[in-house]
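Q: Now for the letters of each chain:
Protein chains: 2
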Amino acid sequence: MTDFYNTRILLEPNEIPKEWVNIVPDLPAPMTPLINPMDGKPAPPELAFAIFPKECVLQEVSQEPTIQIPKELRELYVRSYRPTPLHRAYGLEKELGIEGEDIKIFYKNESVSPTGSHKPNTALAQAYYSKRDGVDELITETGAGQWGSALSYGCNLFDIKCTVYMVRASFIQKPGRKILMRAFNGQVHASPSKLTDSGKYYYEQDPDHPGSLGIAISEAVEHSMRSEKSRYSLGSVVNFVLLHQTIIGQEVKAQLQKVNAKPDVLVGCMGGGSNLGGLMIPFAKDKLDGKYPDLEIVGVEPRACPSVNKGEYRWDYGDSAKKAPILKMYTLGHNFIPSPIHSGGLRYHGMAPIISILAKKKIMSSVMHHQTEVIGSGLLFAKTEGILPAPEAAHAIKEAIDQALRAKENSEKKTIVFCLSGHGFFDLLAYKEYMVGNLVDYELPNVEIQKALSAPDMPSIDETRF
Amino acid sequence: MTDFYNTRILLEPNEIPKEWVNIVPDLPAPMTPLINPMDGKPAPPELAFAIFPKECVLQEVSQEPTIQIPKELRELYVRSYRPTPLHRAYGLEKELGIEGEDIKIFYKNESVSPTGSHKPNTALAQAYYSKRDGVDELITETGAGQWGSALSYGCNLFDIKCTVYMVRASFIQKPGRKILMRAFNGQVHASPSKLTDSGKYYYEQDPDHPGSLGIAISEAVEHSMRSEKSRYSLGSVVNFVLLHQTIIGQEVKAQLQKVNAKPDVLVGCMGGGSNLGGLMIPFAKDKLDGKYPDLEIVGVEPRACPSVNKGEYRWDYGDSAKKAPILKMYTLGHNFIPSPIHSGGLRYHGMAPIISILAKKKIMSSVMHHQTEVIGSGLLFAKTEGILPAPEAAHAIKEAIDQALRAKENSEKKTIVFCLSGHGFFDLLAYKEYMVGNLVDYELPNVEIQKALSAPDMPSIDETRF
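In order, the protein sequences belong to chains A and B.
Numbering follows the working numbering, with no gaps: position 304 of the first sequence is 304.
Numbering follows the working numbering, with no gaps: position 344 of the second sequence is 344.
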């Protein structure tokens, strides 16, 4: 007999985590530094401080096992949307024929944030530190607009300016996200723009240039270097962003304890790595400590952009335009242009260094799925759980379903926990195309990857010097 | 000093209300019956039972002061999204310069439901009773799509068919809502359709006929009469819908008690009346009992469709096509076609009989606002509270702001509570038009109202016979 009062497991406002979990000191290989793209040497602190909010730079290189969440920030999380619910997926379980207590599926619902995804977790933190340190403007790039709206939201609450360079193709095709950013006082510019040298170069060739994330990053970084009081803001990949997202996994731990459950498998989608990182880091730390040896951690990538599954672990630029720091990570090459799948948030050529080390050392595994099976799983989830998921989140759903069905076939007991990174109210076109049979899968152009990886165009980096 | 842990006041799942509040036996004037549009006589039970789910008909005429919410339904509310948060609007208060404890603004956040509004509160109840009584299909009409998606969502959870006749103009202009309904297994037809005699009449004249809510209602009612196992479902106006929505006000009562607050003013938007009704009925009952004599209740209408403010209290058809029951209510006339404001949910010519009686007897008051000031208030709310409201909900926000500023000017103490009926993620065009200065206000065409009211085209109704 299902106890429906246990289907949405909540935490009280005062149960919100007090600290973030830093996995860097526990990693099975040393964290590599951010490399200055100009000279191939580790970026000196003064350069990093000029680009990013100061506290974030300190967190990026911190060796502390935990970092306190400032009280004011915790209060703001509470005021805004946290703690978020953990749901038991009874509807989905019933559909899959696994009713009972042998195979359980839980999902953490990050779609309840005001911009509809987990991104405000770090946006609020970055805006908070920026305000505290006298920064008056944060600049970023955005593709589909999920990160741009989260940062606009965060900056607006702290009354600092937010400037977003939005890839022009999306700027035109996705007016909804643009309006949402403007509703939160974000200044949104189509990129390439006339506002930066990096943008002007392309804009003057073609004022209708569709743009790319690479160009938008270059514009944002260049813009942020202009003033002493402005900084560049990143929504994924780097250590401090994953750190801020660990509030997700910390809450999940507390919520699972309330129903005496313990996960066997953690599943999350991977674009830059902040969603999976946020869910799994608090658990991965226990695994590295030997306290949780059998825990499986599974990252899910789109088949059209499988950085960990098909890329190389190597040094590469964070952006195609070679303005952002060089990172050691799984990468498809900074010139790799992913096919136009609907999961805009997963179309990144690289992967967070933290995730890359954990994958390289086999602390976690990674899988790939095609977008039709992903969107199909998303639709099944909507029908059974009542929440229409973002295409990114549907990657985790597809894998959780596969895991559950495999456990059923093998008569295994298994508790599966995945992160629902966001809702799909801005992604209805993907569902429409699926329903009418127009959604296509993209085979991975291996030749393109090889080409992108064989042209690294990189300063020489001497690892013996760190 | 703001206590942010008290900014989102939550209830535990097991604190969800156990009963709905029925105000009918306490009304200051007797509730009038639903009249059969064919003969002008009170609809006999067998006719009502053929149209609506049986339990809903019994609730419509119940004289019980409270009606128990079935356990299974309460569990489903919990599983899905209830209890919903009550927020203290600290951000908005700060913006208005009323920080402190003299003037407080609270809002009940119904936007957190899976379809983004309060509508699932009754959709789940109607689907539950239909399933229990062996009904296998619910049929309804929808304009902008908010009600159609809520009913699709509810029916899907109970595995019964949902058929929605959607006004063709919206069907074409608002593909998002249509996709959402289909994601929840709803069968959506553009109206007028070829599927009913009522629709065929218009469809055969013009297959691209833009349709109207009146025609869509006729199609839905006709369709529902076809099978013993199908019923017509309504999303507002009638007593049982307002009854189901009283879960809102019951939760608000419990939440305000947690922070020792007591409302001086309750504010809600009014289209058919279910949102305001749901918020205020539990409090209005106390007012009628003499326990809460000074409580103000304010309904907010769009200036383009002010049924209570500018209409007449009289008998009128529930729909333009004269297929639905005749009700005694405030009405602008069933032929009145409101201007195309963005608040599709408030474009109804009549008003719930319960609200109409309370307004007529001055237990509550009503105000009107223009859509530019409404959308402007919605944008201010987004910037200060971080939630982009539906245009319907922004009517309540505008009035709450006015009330707060008036109290400030008069140095009054005042606690204002309003209902945020839904989010605006599907209404971004309204905000865009406001931002670029293209949003227009519609002056009320008095001549049109007079015309609509002077042509009642109604069977004679003998009130002495009830």
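Derived from the structure by calculation, the hints contain no laboratory data.
Cβ atoms here follow ideal geometry from the backbone N, Cα and C, with glycine treated the same way.
Just to be clear, a hint being listed does not mean it is correct.
[What the hints assert, rightly or not] To give an idea of the chain A side of the interface with chain B (calculated C-beta under 10 Å), a few residues:
1. 7
2. 79
3. 80
4. 116
5. 120
6. 444
[Stated by the list, open to error] Under the rule of at most 25 Å between Cα atoms (straight-line distance), these lysine-lysine pairs were calculated in the BS3-like manner:
7. 258(B) - 258(A)
8. 161(B) - 432(A)
9. 262(A) - 229(A)
[Unchecked claim] Here are a few chain B residues that sit away from chain A, every Cβ distance over 10 Å (derived from the structure):
10. 18
11. 42
12. 75
13. 289
14. 368
15. 408
16. 412
Q: When the structure is checked against the list of hints, which entries are broken? Sort them ascending.
A: Failing hints, ascending: 6, 9, 12.
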